[in-house]
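Student: Residue strings, one per chain:
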Amino acid sequence: MKDELTEMRNQIAILKTKLENQDIINDKMMHQVVCAKSDSMKKKIVISILCALFVIIVGPFSFHYSLGTSWYFVIGTDIAMLYCMMREYRFKRRISDHTLMNATLLEVAKTIQEFKQDYKTYTFLNMVLLLPAWFGWLIWENYQNNVSKEAIGLTIAMSVGLAIGASIGLYMYFKIQNEASQIIKQIEEQ
Amino acid sequence: MSNNETEFSLLVREHKSTIFTVCYMFSKDEDEVNDLFQETLVNLWKGFDSFRGQCKVDTWIYRVALNTCISVERKKKRHGKTIPLSIEADLYHDTDTDTRQIQQLHQRIQKLGMVDRAIVLMWIEEMTYEEIGAVIGISAQNVGVKLHRIKDELKKQ
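Same order as they appear, the protein sequences are chains V and B.
Quick note on numbering: the numbering used here labels position 118 of the first sequence as 118, and the sequence is numbered without any gaps.
Quick note on numbering: the numbering used here labels position 18 of the second sequence as 18, and the sequence is numbered without any gaps.
Everything labelled a hint here was simulated from the structure, so no lab data went into it.
Be a bit skeptical, because a hint or two may be false.
[Stated by the list, open to error] Lysine to any residue pairs mimicking SDA-like chemistry, simulated, CA-CA at most 20 Å apart:
| hint | chain 1 | residue 1 | chain 2 | residue 2 |
| --- | --- | --- | --- | --- |
| 1 | V | Lys175 | V | Ser159 |
| 2 | B | Lys151 | B | Gln110 |
| 3 | V | Lys185 | B | Gly137 |
| 4 | V | Lys16 | B | Gly137 |
| 5 | V | Lys185 | B | Glu30 |
For reference, chain B alone in the conformation it holds in the complex (with noise of 0.2 Å):
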C-alpha cells in the first residue's frame, strides 16, 4: 500500500462509525448499507487528493456521504461486487433493547425529507449550526429554522 492509501485507509477507520451511521440513515435494508457504505468509500477516495484541509474531516466526510447517499438513491449503480461488511450486529433483525432503540431511531429518520434527515444527523453528531450550513449550503440561521420545524414534525409522528 502507497503511503496515500494508507492514510485514507487509517482515515476512513477512524470515521467509519460516522460513515456507517449516515448510509444506515439512509438505507432501507443491509443490503443497501452495504452498498451505501462501499459507494461512499469509492467517492472519498476519489476525492482525497484534493481534500487538503479545506474543511474539517468530519464536514468533508458528511458531505461526501450524503451526497453519496442522495445519488446513489438516483443512480442504483454498483462499483464492481460489493464485499460484506465485517459487522456482527444485525440492526434490522435483532430485538435486543439497544437495537430496537436503534430501529427506531432509523424508522423516525426515515420518515422526513433527505436535506431534513441530512440536518438532524448533523445536529445529532453535535456539528455547529455554521457547518451543518457549509454542508448543505444554507446559512447558520436557516439550520436553526429548520431543525425547529423538524422538531414539530418530530412531534406529530
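So here's chain V without its partners, still in its complex pose (with noise of 0.2 Å):
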C-alpha cells in the first residue's frame, strides 16, 4: 500500500504548500457567493408563482371564453395543473442542490436512483392517463359547443398543440432521465 499512494501524499503536500500563500479567494467572489443562494431562491420562487398564476388564471379561461367549455373543465383543468405543479416542485426539492450537498456519495446515488423511477411512473401515469382524459374531455366539450366544420379545425388544432405539448414534455422527461443516468453511473462503482 505504501510506494504510490505515499508518493501521492508528497505530491498533495507540495501542493498545498504552494497554495498556502495563494489568497484564492478575494472579496468579490465572496461577495457573489453569498448573493448567489438568496438571489436564485427568490427567483425560481418569483418565477414559479407567476407562471403558476398565468397558467391556472389565464389558461383554462381562454378555453372557456374562445371554445366555450364549461366551467367544469376549467376547474377539472386548474387541479390537474395544481397537480402537476406540485408533483414537478416536489421532484425539484428532492433533488435540489441543498438536499444532495449533505447527503453522502452513496446516498446521492440513491435518491437519483429513486428520483428517475417516480418521475418515470409520473410521466407515464401523465402520459397514458391524465393528459388522454383530459384532450378526451376537451374534444367532447369542443364537439358538444361548435358546430361540425368548426369542431374539426379546432380539433386540428388542438391535436398540433397537443403533439408539440407532448413532445416537449418527452424531450424534458428524457433529458431529466439522461442527466439522473449520468450522476448514478458517475457514483456507482466500476
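Assembly of the complex is requested from the two constituent chains, each provided in isolation within its own frame, with the hints serving as guidance.
Tutor: Pasting the structure below:
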C-alpha cells in the first residue's frame, strides 16, 4: 500500500505548500457567493408563482371564452395543473442542491435512482391517463359547443398543440432521465 | 457583512487549500477549476446554516466539495459569471519541478473513477477510514478494501 499512495501524499504536500501563500478567494468572489443563494432562490419562487398564476388563471379561461368549454372543464384543468405543479415542485426539492450536498455519495446515487423511478411513473401516468382523459374531455366539449366544420378545424389545431406540448414534455422527460443516469453512472462502482 | 457571512468567510479561507485541491483533482483545465471552486463555495454557503457540528468541518467540506464536483459534471451549470481565482501559480502550464510533481499527481488521480478519486484524496488528507466511509457512505472496512484495490490500479498505470 505504501509506495504509490505515499508518493501521492508527498505530491499533495507540495501542492498545499504552493497554495499556502495564495489568497485564492477574493472579496468580490465571496460577495457573489453570498448573494447567489438568496438571489437564485427568490428568482425561482417568483417565476414559479407567476407561471402558476398565468397558467391557472389565463389558460383555462381562454378555453372557456374562445372554445365555449364548461366551467367544470376549467376547474378540472386548474386542478390537473395544480397537481402537476405540486408534483414537479416536490421532485425539484428532492434533488435540490441543498438536499444533495449534505448527503453521502451513495445516498446521492440512491436518491437519484429513486427520483428517476418516481419521475418515470409520474410521466407514464400523465401520458397514458391524465393527458388522454383531459384531451378527450376537451374534444367532447368542443363538439358539444361548436358546429361541425369549426369543431374539426379546432380539433386539428388542438391536436397539433397537444403533439407539440407532448413532444416538449417527452424531450424534457428524457433529458431529466439522462441527467439522472449520468450521476448514477459516475457514482457507481467501476 | 453579517456575523454569519463573516464566520463563513473565515471558514472557507481557512480551508481554501482543501477545497481547491478537490476541485483541481476533478477538473481538466483552469476554467473548470474556477467553476467548480465557486460552485462549491455557493453550495457550502447554502448548507452553512444547517451545518452545526454534526460532523467534523473537514468531513463536511469534503462531502460538499465532492458532491459538487460530481454534480457539476452533470449539470455544467453556472451561477452567474465566474470570477477568476486570486492565484498566481499556473498548475496546468508551469514547468518547474514542483508543478510537474503536482501535474503527475493530477494525471494519476484523473485516471481513477469518481468514487476511487474521492477515497484517495481523503486518504491522502489523512482522514480516518471511518471519516472516509462517512463521506462516501460505506463501511470503514470497505474503505480499506477499496484502497488496496486502488493501489493495484495505480501500479498498473
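Student: Does each hint hold? Answer for all of them.
Tutor: Evaluation of the provided hints:
1. V:Lys175 x V:Ser159: 24 Å, violated
2. B:Lys151 x B:Gln110: 14 Å, holds
3. V:Lys185 x B:Gly137: 16 Å, holds
4. V:Lys16 x B:Gly137: With a Cα-Cα distance of about 27 Å, the restraint between Lys16 of chain V and Gly137 of chain B is violated, given a limit of 20 Å.
5. V:Lys185 x B:Glu30: 25 Å, violated
Going through the hint list in order, the structure does not satisfy hints 1, 4, 5.
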